[in-house]
Amino acid sequence: MNVEQFLYHEARLLDTGQLEAWLELFTDDATYWLPLERDQKDPLETSSIIHDDRTLLALRVKQARHPRAHARLPLARTVHQVGNVVVEEANDEVRVSSTLQVVEFRNEKQRLYGALVEHRLRLVNGSFKIAHKRVDLVNSEGELDGIAILF
Amino acid sequence: MAPHELERLATLVRPDRVHRSVYADPAIFDLEMERVFGRAWLVLGHESQVRAPGDYFTTRMGREPVIVIKKEDQTVGVLINRCAHRGSMVCAEGSGRLSTPGERFVCPYHGWSYDRAGILQAVPFASGYDKGKLPAGLKAVPRVKTYRGFIFASLSAQGEDLETFLGPARASFDDFVDRAPGGELEVAGGVFKHAYNGNWKLMLENHLDGAHPAWVHASSVAVARAAPEPGKPGEEHYYDIAVRQMRQNGAPDAVWEAIGMWTTPHGHGYMGDYHDDSRLVAGLGNPVFDEYRKRLIKHVGEKEADRILRVTLWNTIIYPNCSFMSQFRQLRIIHPIAVDRSVVYTYSFRMKDAPAQMFRDTVSFANVVNGTGSWVLTDDLEVYERLQRGLSSGEVDWVYIGRGHGRDVEEPNGVRRGATGTSEIFMRAQFAAWLRYLSQ
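Here the protein sequences line up with chains B and Z, keeping their order.
Per my numbering, the first sequence runs over residues 99 to 249.
Per my numbering, the second sequence runs over residues 24 to 463.
It should be emphasised that the hints constitute simulated quantities derived from the structure, not laboratory data.
Misleading hints may appear alongside valid ones.
[What the hints assert, rightly or not] No more than 25 Å apart at the CA atoms, straight line, and that leaves these computed lysine-lysine pairs for DSS-like:
hint: 1; chain 1: Z; residue 1: Lys-216; chain 2: B; residue 2: Lys-207
hint: 2; chain 1: Z; residue 1: Lys-255; chain 2: Z; residue 2: Lys-317
hint: 3; chain 1: Z; residue 1: Lys-321; chain 2: Z; residue 2: Lys-375
hint: 4; chain 1: Z; residue 1: Lys-326; chain 2: Z; residue 2: Lys-375
hint: 5; chain 1: B; residue 1: Lys-139; chain 2: B; residue 2: Lys-227
hint: 6; chain 1: Z; residue 1: Lys-375; chain 2: B; residue 2: Lys-139
hint: 7; chain 1: B; residue 1: Lys-139; chain 2: Z; residue 2: Lys-216
hint: 8; chain 1: Z; residue 1: Lys-94; chain 2: Z; residue 2: Lys-168
hint: 9; chain 1: Z; residue 1: Lys-94; chain 2: Z; residue 2: Lys-162
[Unchecked claim] To be clear about the criterion: a stretch of chain Z counts as covered by chain B if any three or more of its residues have a C-beta under 8 Å from a C-beta of chain B, and this derived list gives those stretches:
hint: 10; region: 216 to 230
hint: 11; region: 238 to 251
By construction, the Cβ of each residue, glycine as well, lies at the ideal position given by its N, Cα and C atoms.
Taking the hints into account, I'd like the entire structure generated from these sequences.
Put into structure tokens, the structure is as follows:
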């Protein structure tokens with residue numbers, strides 16, 4: 099699978115509710131990050147909308163399956179539209195930038211998100227795994243309703 | 024207010040129930056903006072946000088857009104962010120600095136400009152006006168005061184002083200500040216701004232409600248319990264604070280019943296801490312906090328440090344616009360937008376002379392509990408929205424707030440304590456204050 103196909107595949111897993119398969123795309127040492135601030139450098143001394151290691155990311159997937167996960171039951175329907183894919187660097191890891199638009203529908207409410215995305219992909223046994231994913235929402239600093247979907 | 028209107032308002036609040044219209048009627052919301060948010064002292068922020076003369080940030084007092092600014096004389100001023108000419112906001116939202124006394128807020132529409140005190144300094148096409156008829160400047164909010172570094176203001180020129188308003192709830196601010204070695208706190212680490220389609224009162228009620236976590240947060244408690252174990256000191260993981268905190272929300276009923284729940288005549292309330300995880304409570308002697316304790320002792324001595332660390336408070340509500348807690352140094356300010364729409368700004372504080380890890384813990388805590396994408400907050404927001412939709416139904420009139428009613432305990436200084444930690448005394452106190460504001 100080339101880089102673009104991989105990103106489309108990842109989006110498809112999210113949009114078809116295959117969250118466990120999506121989680122499997124991440125390496126054990128992966129980080130998953132939605133910064134709060136524009137150009138945020140640091141996830142430890144500044145808050146983030148989400149900043150997860152692999153353990154915490156797995157908890158998000160598990161929460162979505164819990165019978166009393168009020169904000170996630172039913173799970174929102176989404177479309178993740180990936181665009182402008184550029185391979186920025188290809189060494190041990192492949193650094194990829196892309197854009198993302200997400201349409202979310204749940205509880206009679208439709209929402210639209212836009213984001214700049216960075217992936218760091220690593221080849222493991224011939225397949226890409228995500229070592230790091232950063233999603234900078236264009237309205238990360240704005241007034242946001244609760245976010246209970248994954249990007 | 025017409026006597027019949029007063030009588031009608033008084034029928035909405037009963038000792039153990041309130042009428043649903045207090046959450047759902049837009050006319051009542053307008054009254055609240057005028058009489059509650061237009062009169063009470065409101066928490067606006069902290070002095071660390073405006074250190075030098077000219078430093079400012081924008082915020083809201085109820086629906087009023089305001090600029091909070093440090094003046095020449097080192098006091099804090101609050102100006103209505105509305106040009107005296109045609110009404111445009113003169114300052115875009117955010118924060119910044121008028122770096123010299125000569126620098127101005129300039130209205131983008133016709134260039135009227137104002138100094139740090141809001142005094143009108145220049146008007147283009149000035150010859151078109153009769154001299155002496157021009158307004159003096161931006162309207163200043165009449166009363167501004169600080170308590171231990173926290174900035175308060177009231178839109179009303181008259182009213183009781185801040186210390187009377189805070190009353191016994193001052194102790195919660197004391198606890199917040201005393202815990203910082205040297206008393207030095209600063210806003211840091213970014214501001215979460217979350218919104219929900221629900222009434223502003225729902226958040227203030229929820230933050231003292233010890234009966235909700237087992238239900239609202241059942242899913243995050245369950246996944247945290249099944250998560251890998253947090254590490255011992257020296258072997259900690261990034262995920263530890265998140266997992267530990269989510270687990271604590273699943274404390275047994277007996278714990279929630281045993282924590283204290285206190286209210287004041289102004290509708291303020293504070294609850295005791297429900298945490299027994301020594302990695303989350305500095306006073307429980309976990310070695311991670313040794314260096315912190317040493318620094319606290321350096322400033323105040325061992326006896327006082329022990330006294331400070333023995334205080335076990337969790338959330339405090341300052342009615343009607345603020346919720347805060349000292350253990351992880353979080354402060355939330357609620358901005359009512361409409362009867363069914365609210366925005367909450369969440370601030371974290373750094374203790375300047377505490378070990379760096381403690382601020383990292385604060386950031387982790389903010390992300391897991393108060394973040395827009397949090398496992399915990401998102402379920403609270405979902406419930407607020409369901410409440411609002413349920414309360415919009417005209418078929419059922421009353422909201423029942425009778426847990427513990429009739430068993431409240433009187434304490435000195437007008438404080439009342441709930442018979443147990445899950446008593447709904449905090450709601451009864453909030454609505455008693457609400458009715459008093461609205462009836463004045």
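Worksheet item: Does B:Lys-139 lie within 25 Å of Z:Lys-375 when you go C-alpha to C-alpha?
Response: Roughly 21 Å separates the two Cα atoms, so the pair holds.
Worksheet item: Taking 25 Å as the top limit, are the C-alpha atoms of Z:Lys-94 and Z:Lys-168 close enough?
Response: holds (13 Å)
Discussion item. Tell me whether the statement that chain B covers the region 238 to 251 of chain Z is true, taking a Cβ distance below 8 Å and needing three residues at minimum.
Written reply: Since three or more residues must qualify, the claim that chain B covers the region 238 to 251 of chain Z holds, with 11 doing so at under 8 Å.
Discussion item. Run the distance test for Z:Lys-321 versus Z:Lys-375: straight-line Cα separation, threshold 25 Å.
Written reply: Measuring from Cα to Cα gives roughly 14 Å; hence the hint holds.
Worksheet item: How about the region 216 to 230 of chain Z: do at least three of its residues have a C-beta closer than 8 Å to a C-beta of chain B?
Response: holds (count 5)
Discussion item. Next pair to validate is Z:Lys-94 with Z:Lys-162; report whether the Cα-Cα distance is within 25 Å.
Written reply: holds (15 Å)
Item to complete: Would you mind confirming whether the straight-line C-alpha gap from B:Lys-139 to Z:Lys-216 stays at or under 25 Å?
Response: holds (20 Å)
Worksheet item: Is Z:Lys-216 within 25 Å of B:Lys-207, Cα to Cα?
Response: holds (19 Å)
Worksheet item: Holds or violated: are the alpha carbons of B:Lys-139 and B:Lys-227 at most 25 Å from each other?
Response: Judged against 25 Å, a Cα distance of about 23 Å means the pair holds.
Fill in: Given pair status - Z:Lys-375, Z:Lys-326, alpha carbons within 25 Å
Roughly 22 Å between the alpha carbons, so the hint for Z:Lys-326 and Z:Lys-375 holds.
Discussion item. Next pair to validate is Z:Lys-255 with Z:Lys-317; report whether the Cα-Cα distance is within 25 Å.
Written reply: holds (21 Å)
Consistency note: the structure conflicts with none of the earlier hints.
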